[in-house]
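Trainee: Below are the chains, spelled out letter by letter.
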Amino acid sequence: MVIDQQKMQSLSDRLVTDEVRGRSPWADARRRFWRNRAAMLGLTILVLVVLFALLGGQFAQWSGEELDFSVMGQVAQMGQPSIANGHYFGTDNLGRDLYARVVQGTQISLMVGIVGAGIAVIVGTLYGATAGYVGGRTDQIMMRAVDILMSIPYMFVLILLLVMFGRSMSMLFLGIGLISWLDMSRIVRGQTLSLKNREFIEAARATGVSSFRIIIRHIVPNLLGVVAVYATLLVPLMILTESFISFLGLGVQEPLTSWGALISEGAGTMNYGTLWQLAFPLFFFVITLFGFFFVGDGLRDALDPKER
Amino acid sequence: MTKLFATTALLTALALPAFAVQPAEGETLAETQTYTYWLLDAIKSLDPALNTDVEGSDVQRNLYEGLMIEDAQGAMIPGMALSHEVSEDGLTYTFTLRDANWSNGEPVTADDFVYAWQRVVTPETASEYAWYLELMNVANATAIVAGEMAPDQLGVAALDDKTLQVTLTTPTPYFIKTLSHTTTYPVPRAVVEEHGDAWTQPGNLVGNGAFTLASHNLGVEIVLQKNPEYWDAENVVMETVRGVTVNDNNVALTRYQAGELDRVQIPAGQYPRLSEQYPDQAISVPNGCSYAYVFNVGENGPEVLKDQRVREAMALSLNREIIVDQVLQGGQRPAYTWTHWAIEGFAAPEGGMEDMPMEDRLARATELLAEASYGPDNPVRLQLQYNTDDNHRLLAIAAQQFWRPLGIEIELNNVEWAVHTDRLQSGDFEVARYAWCADYNEATTFLDWFRTDGYNSGKWSNEEYDALLEEARTAEDTAPLYQRAEEILAEEVPAAFVYHYAKVDMINPAIKGLPTENLRNTWYGKDLYRTAE
Amino acid sequence: MFAFVLRRLAVAIPTLLLLIVFSFVLMHLAPGGPFTGERALPPQVLANLEAQYGLNDPLWLQIWNYLVSVVVHFDFGPSFVYPDRTVNQLIANGFPVTLTYGGLSFLAAVIFGVSLGVVAAIWHNSWVDYLAVGISIGAQVLPNFVMAPLLVLVFTLWYRLLPGGGWSFSDPSFWVMPVIALATSYMASIARITRSSMLEVLGSNHIRTARAKGMPEHRVIIRHALKPAMLPVISYLGPVFVSMITGSVVIDIYFSTGGIGKAFVDSALNRDYAVMMGVTILVGALTILFNLLVDVLYAWIDPKIRY
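Protein chains in written order, with this note's numbering: chain A, 1 to 308; chain P, 1 to 533; chain F, 1 to 307.
Hints listed in this document are in silico derivations from the structure and should not be mistaken for laboratory results. The beta carbon of each residue, even a glycine, is placed where N, CA and C say it ideally should be. Worth double-checking, as some hints may not be accurate.
[To be verified] Quick partial rundown of chain P residues pointing at chain A, CB under 10 Å, derived from the structure:
hint: 1; residue: Ser83
hint: 2; residue: Glu85
hint: 3; residue: Val86
hint: 4; residue: Ser87
hint: 5; residue: Val251
hint: 6; residue: Pro267
hint: 7; residue: Pro272
hint: 8; residue: Ser275
hint: 9; residue: Pro279
hint: 10; residue: Asp390
hint: 11; residue: Ala396
[Unchecked claim] One-sided excerpt, in silico: chain F residues whose CB lies under 7 Å from chain A:
hint: 12; residue: Val68
hint: 13; residue: Val141
hint: 14; residue: Val242
hint: 15; residue: Ile288
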């Protein structure tokens, strides 16, 4: 599960060319994006999932924490999904309402995905833009560091970090975010290199604007296309990484939960007649990943159309 | 020195012919005698001195044989020791060894025991179980572990090839009961010296048990084959014992159902369903471990837990019946004492909270908290720490929900094993999940834990309690002393006891001879046989 | 090219050193040690253990001793948790297993992924294409910790076709489920990348020229389209390799294969410093080596790239 770097490079080249030609890539892209059926489907799914995460809690009859003693101990018989007792998605093995837990898991997983991708994008963009803009020795050292970091087995390091600092949300965000900015920084650097000799940058430099301001004000906004696409494609990767971490038992603390934790619990009991414990979280997990992929691919294709 | 013959139990055991397994009337033996059992994890070590866990002990019990072995009820019967004599002051034990061979044909001698025991306490061996010889009160063990004395000063000596003498520092009523433990097994001096650390590898390993090591693929499986050199080999029916590692209990159950395993643990909550479907296979027997939430009343502990009323309220309102009947559902029992209910010679004190109906307990708990000026408006806030495990997680969530209505807000803190134990030892916790398993079948194995100088992570201390246990060391009738000690625990509540373990397994009905009445579930492959279906 | 390889190898050494020091420090700063068990060890016993394993030296000295032993003697030290074994033995046991099912999964992912992608691209917008895309997207997002127990359920319990776990180098029936569980999601990713890259190549001018010259379609695809279409796939192989090693934890847990994935996670959780370091170094070195191989392969296929 990795982002297709080749396509990102092609997109980046395209955006620079457009920029150089003084054309805004956005107007055409928007039209193309709206016409892309898969992307629209993906977008619809994502909107629905986000609504579910934000408003789903309003419809829950139970909190995700309280134990339903009438169900507890006979979950396979009494804990099925049912409108009558308010457990729309059934209950987990302790008799907790799975609907409320899925809503909560959706919130956490989306948050991990978005915050993780956000950190990766911010760090990657700033790092890449700085390296590309400053150039010379600094650029070489910075990019060499990226090369070195790229050959570190990052999942191992993430496990070490979680073991070392204990399990916490912030560590999870940070750990997941920090491991995926490397590719991003490379592409951003490349694009910055092509941008930095443009007239408007030179004009800014001539009027004495500081390098930092130039990067923030003039370079970064021009990277928006790549960043947007990258961010959309990174979110599902972050969600997948989180699910793996949860599987290892290093994810969020109870009573909080995430899709990964719910799926891994449900997968354990799939043969015990409580299949709904796996089905509901897995359903939301899968459609959301689809949604992000479709939207990400759609965005990229819209910004970088291939004439055939 | 007047010599005194050993306990009557031993005498009768000696009078009987060697313990033999034979199929009962109407049973026919299966053609291939194989027993395949489930291991949760890889076997850490096959060296008796370095073993630390139950799964390692299970294997080593088949590879080696100590002075004593256990029968189906867990009582001690002669293993390598044919008989023993105790001096009048109770400090010297003299064992006469039977004629037996190592699997390489060499005779087992008293010197092999001396060598093995010295090896355990030698600092260079770095045995985590060196303390076990201290627990046995073998003379000079403590000083040798501390490096203050040479290992050959240990209170164990070979008077001749077949006579072993052990000297203790203090009379130890449970001494004989410690002798079936892996740490006390003999090791073949010549083999260990020849191969060094690699002596436990397949091909090198030499044992005196009923089986030999055929192969050991770490994390996959370990295979034992019948040992023709074993002294009682003619009565051993089982040919092959295989331990198969499956890290996921649910998958292990699937593989049991597919016929790949003969025994597997039943995952939490699945016992009722399985026992209904397979009444002859789903088996629950008591298992000598107790589970508790320990309160930290030591100097690092929170102020609120130093209030006995708060601790008592927490113990009262913990609904153990629900935990046992609706979460674990495997024949475990609610715990109101630290000592496991099935421990030999132990009777729980009468009239504790066990007999109060749940409503009264909740009412009393609310009252106690109100006295301590806590309640839903002014909640007690505590952190409950548990290590990563599905059952611990489920129980912690349930406990959180039991305590919440009374105004005790629990924050769950799940940490991994290494961190959990580290914090327990340094007293860096508020409430922590803990479990203790019997080392031997007597109440002190549990009660010693809460002594002021015991493991006692919560740093609770009570003079009367310490005195009672000291007295029990030499007392004739210990039952009332243990009862009083448990009463003190119930009054002062250094921990909320949760449940007493049961071993809940699926066992292939073709496998016979697995013990069901042994509290520590000690089994020997030599006692097993497989019937034809 | 040769200089390029040399340069990359020169970077590899400081990278590995960095990795060693980083993991070593992180590991030793984590609370708990290899000997914190259910019972607190008497201080004297603990002291004996720590002396035996050199744990009471200052951290920098421990790192130094470790580096010397690794570099000079190629000795990764004794395992703390498996006292009967050295880390070299543990790796020698587990690594061939991981390598075998990992290698097979890798091959399976590439072969089936590329085939699926090519087929989908050739019959673009037909039902074949939709089916292939559907399969690959579904397979891509199904976590392998769901797939693994499902496979055991289906193939071992219901159909009794395959052993539910274990490992043997001589009996391929043990390999099937690990390979399926590990390969599927990567196969799917490769299929998607191949498909889109193939579509692009098929639409390009030199393919149009080839077709215009009347070359039969299968020759166009094999001779002219496949090679350039493989470039994005190749650049994807490095990351695939790394995630496969990481993902092997799941395989080891569910199929009791005894590989190093489980060994790593266990060692990190049990503070088995030596095993953890050994596996990290091994995986780090392999990652570097594999990325280098991928780059060389890339340069060999793509004539535009010069180093």
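Trainee: For which of the previously enumerated hints does the structure constitute a violation, in increasing order of number?
Mentor: When the structure is compared with the hints, numbers 1, 2, 3, 4, 8, 9, 12 turn out to be violated.
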